[in-house]
Structures are given as C-alpha cells and as structure tokens.
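Based on the sequences and whatever the hints tell you, model everything.
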Amino acid sequence: MTAPTADLLAKVLPVLRDNAAAADEQAAFPSDSFQALRDNHLLSLVVPREYGGGGASLQTFLEVTGELAGACLSTGQLWAMHGSHVDTIVRHGSPELRADLLPRIAENELYIASATSEKGRSSSLFVAHSPLAADGDRVVVDRAAPVVSGGAHADGYLITMRASAEASEHDVCLVYADRHDLRTELAGEWNTLGMRATESIGMRLTGVVPASNVIGAGGQFAALARESMIPISHLSWSAAWLGAARGAFRELVRWFAKSGAPDMSDLFHERLARVRLDLELVSAYLTRVREEVDLARIEGGSVAHSRAQLQINALKVVASDLSFRAVDHMVQLAGLRIGYAKNSPIALERCFRDLRSASLNHANDGLRVGIGALCLLDRSVSLI
Amino acid sequence: MAQAWDDRFEKVLREAVPALPADTPLLPDLQLIAAGLDSVGIVKLMMRLEQEYRTEFAFELLNFQIFSTPATLWDAVSGALARTGTAGTDA
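Just so you know, the sequences run in chain order A and B. Under the working numbering, the residue at position 217 of the first sequence is numbered 217, and the numbers go up by one with no gaps. Under the working numbering, the residue at position 28 of the second sequence is numbered 28, and the numbers go up by one with no gaps.
Source of the hints: derived by calculation from the structure; they are not laboratory data. The beta-carbon is built from N, C-alpha and C at its ideal position, and this holds for glycine as well. Misleading hints may appear alongside valid ones.
Stretches of chain B that chain A covers, calculated by requiring three or more beta carbons in the stretch to come under 8 angstroms of a beta carbon on chain A [as the list claims (entries may be wrong)]: (1) 27-34; (2) 43-50; (3) 72-81.
What follows is the structure, encoded as structure tokens:
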C-alpha cells in the first residue's frame with residue numbers, strides 16, 4: 001500500500017470504528033462512514049488515473065478492503081462491492097460508458113451498487129428473468145431484485161438482465177444505470193443477524209438508459225463474469241472477511257497484553273495459535289490467488305481455465321469458513337464478558353454475527369458442487 | 001469454423017443442452033452458455049465426449065472458452081483427436 005493510501009485510511013478508519021455499532025444496531029446504511037470514504041477519494045480509488053481516479057492496483061484494492069473491514073465489515077464489504085463494479089466497467093464497459101461514467105465517479109465520488117439477485121431461487125449470476133427491451137439507441141430496464149446491498153443509497157447500479165424478451169434466462173447481460181435515469185422503489189426489510197449495516201433491501205428499478213450502457217451483450221457475459229467479475233468479487237469478499245477477523249484478533253491480543261490474559265495455560269496458547277493459523281492460511285491463499293489473477297491481467301492471459309476457476313471458488317469457501325471459525329475461537333478465548341457481550345470493548349459479538357453470513361453469501365454449498373465438478377477436469381491436480 | 005462435426009458430436013451436445021428443441025438446427029455459433037449449459041454441465045459434457053471418442057483431452061484445452069459455441073467446441077475436439085491420433089471409432 002502506498003503512503004498516500006495509508007494516510008487516507010488513517011483518516012477514515014476512526015470514523016468507521018465510531019459508527020459501526022450504531023449502524024449495526026439500526027440496520028442502517030453507514031452514511032457517515034461512506035461520507036468519510038467520499039471525502040477522502042476512496043470511492044474513486046480503483047478508477048484509472050487517466051479518468052481522474054486513484055489508479056489503485058488489485059493488491060492495494062484488497063489491502064484497503066481488509067483495513068476497512070477490520071473497522072466495520074459492513075462498510076468494507078459495501079466498498080469492496082463498489083470497487084468490483086467499477087473494475088467491471090473499466091475492463092468491460094463500452095468506450096462510451098467508460099468515457100461518460102468513470103470521470104464522474106472520480107469527480108463526484110459516485111457509489112455503484114448492483115442488482116443481480118433473483119426472487120424465488122438460489123441466486124445465480126448466470127440467470128436473469130427480466131428481459132432488456134431495445135428502444136432505438138436506448139434500452140428499457142424493469143428489474144426487481146430481492147437483495148440490493150446499499151441500494152437505497154447508491155448513485156448508480158449494475159444490473160443483470162435477460163438479453164431480450166426472446167432470449168433464454170441463461171442469456172444474461174449487464175446494464176449500468178444512473179440513479180437519476182431510474183424510478184426506484186424499495187421493498188421488504190433488512191433485519192438480519194449480521195451484516196446489518198449493508199441495508200440489503202429489495203428494490204425495483206425501472207427506466208431507460210443508453211444502449212452503450214449494456215455490458216457483455218451477444219453471449220459475452222459468462223466469459224467476462226468468469227474472467228473478471230467472479231474473481232474480483234471472491235478476492236474482495238475474502239479480503240473483507242479476513243480483514244474483519246484480523247481486526248478482531250488484533251484488538252483481542254492487544255487487550256490480552258494490556259489487561260492480562262485470563263490465564264496463561266497451554267490451552268490458552270493453543271487456542272490463540274488456532275486463530276492465528278486460520279488467519280495465516282486465508283492470507284496465504286488470498287495472496288496466491290490474487291497473484292494468479294494479477295499475472296493473467298498483466299500478461300493478457302486468462303483465468304477461465306478449470307484450475308484457476310477451481311481455486312478462485314476455493315478461495316471464497318476457505319476464506320468464509322476459516323474467517324468465521326477464527327472469530328468463533330476468539331469468542332471462546334475471550335469468554336462471556338469480552339467475547340460474547342454486546343457491550344464488550346472488543347466487537348467480537350458483531351464480528352461473529354457478521355461473519356456468519358460469509359458462507360451464505362453466494363452459498364458455499366453450491367460452490368463446493370462446482371469445485372467437485374472441476375476436480376474431474378484438473379486431472380493433474382496442479383495445486384496453487 | 002472448421003469442418004462440420006459428426007453425428008456423435010451433435011448427439012452428445014444436444015444431450016447436454018436439453019433446452020434446445022430437437023427440431024431446431026444446431027448452429028455453429030449457438031451460444032451454449034446462453035442456451036443453458038452451466039459449469040457442472042460443461043464437466044459432464046467433457047467427460048461424455050471423452051467416452052464417446054475414447055480419448056482424453058489435454059489439460060490446457062480445458063478452458064471454459066472452448067465451450068462458447070458448437071464450433072469452438074468441435075475445433076477443440078477435432079484438434080485433440082488429430083493430435084492424439086485417436087480414430088474415435090465407436091463400438
């Protein structure tokens with residue numbers, strides 16, 4: 001991470017920490033925290049410099065995600081999803097869309113959410129029911145999505161749509177829409193165990209946008225999803241979960257050092273070690289997968305082959321499982337008063353509730369099925 | 001596009017994309033993912049093709065991009081058969 005980025009973080013992290021508990025309590029979007037991100041140009045961090053953004057590398061993007069999540073996982077994950085959406089537009093948007101939108105994100109620190117979920121089934125990025133309708137050089141959007149993280153507060157949306165009324169539900173494309181081009185209706189309530197401040201409500205989005213806002217038309221969506229959207233989303237989610245667990249562990253070991261550990265038994269040290277080992281393993285795997293994606297991007301290569309896809313999905317499963325296990329062990333270590341109480345000086349209770357969602361978010365059950373299938377393709381078993 | 005595929009290829013491919021009506025021609029540029037071929041379906045299709053042609057595809061071929069269309073997939077299959085020298089005769 002560069003010194004300027006570290007300086008920006010030093011300004012925003014205290015704001016996130018100060019607002020995390022209230023946003024969680026109210027299940028409300030962390031507006032003050034997002035204002036701090038805006039004020040410090042972090043919403044444009046991954047926009048390329050040629051468009052006026054920070055031009056951050058993938059490594060910096062993930063490091064910042066981890067630090068933000070260590071202060072407030074809801075804010076960190078919302079920011080990470082925004083960064084993934086910007087990356088998709090940078091890499092796959094039409095020249096017209098890039099020229100129009102990216103400078104505006106840089107100048108106005110616009111916040112981009114996404115509407116990719118579907119009602120009545122386990123969510124799949126590769127399935128969309130609502131058809132896009134052509135209207136001259138514009139397209140008509142009418143899309144209901146049951147879960148839109150931060151949607152009520154976004155300035156724009158990346159929306160998955162069925163390519164046309166004649167297309168199958170598997171023929172998916174993306175379309176970007178500015179909020180001011182849409183009529184937005186909120187639906188349902190977000191009242192969950194954890195990740196409460198993501199305010200992931202249901203929305204219906206209707207409006208008309210330029211046809212140049214469509215991304216991945218002509219059957220190209222699946223390729224760009226495998227090449228870019230899914231890798232970046234799994235990397236950034238994993239960085240967020242690891243960052244949250246690491247932030248909690250950092251507080252915990254400092255608290256033990258300051259206030260004296262409850263006992264200095266072998267069991268105490270063994271439990272500390274278990275937490276640290278889980279964090280080390282996730283960090284190592286995250287780093288290696290990021291290096292593979294970086295290498296493919298730098299060399300113009302592909303991560304759409306079976307081994308890379310297996311490992312990108314494995315990262316999400318491993319990071320979600322081990323980060324939650326780590327915080328579960330931290331609660332055990334810290335005990336009822338410090339580990340389990342809501343009014344503890346260490347927010348382990350919130351972190352535990354938040355990280356419980358990690359295996360449900362793009363559910364691990366389905367990912368393991370996919371990983372198992374990919375095992376039959378990668379017969380050399382060439383490990384990362 | 002390379003040469004037209006044989007009947008076995010079309011039969012196996014149609015089994016993998018059941019949403020494609022039997023009386024609809026299998027066009028070379030049909031987008032297979034959009035037609036309903038998912039990740040697990042791709043793996044099953046690959047193994048089915050290996051059984052049908054009694055060959056084993058090289059790891060470097062096993063890229064999702066070769067499953068884009070019937071034409072790209074047939075290019076990969078026929079290329080693998082030519083390289084391994086497998087006649088692909090069926091019992």
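Hints and how they fare:
no.	hint	in the structure
1	27-34	holds (count 3)
2	43-50	holds (count 4)
3	72-81	violated (count 0)
The structure is inconsistent with hint 3 alone, although it conforms to all the rest.
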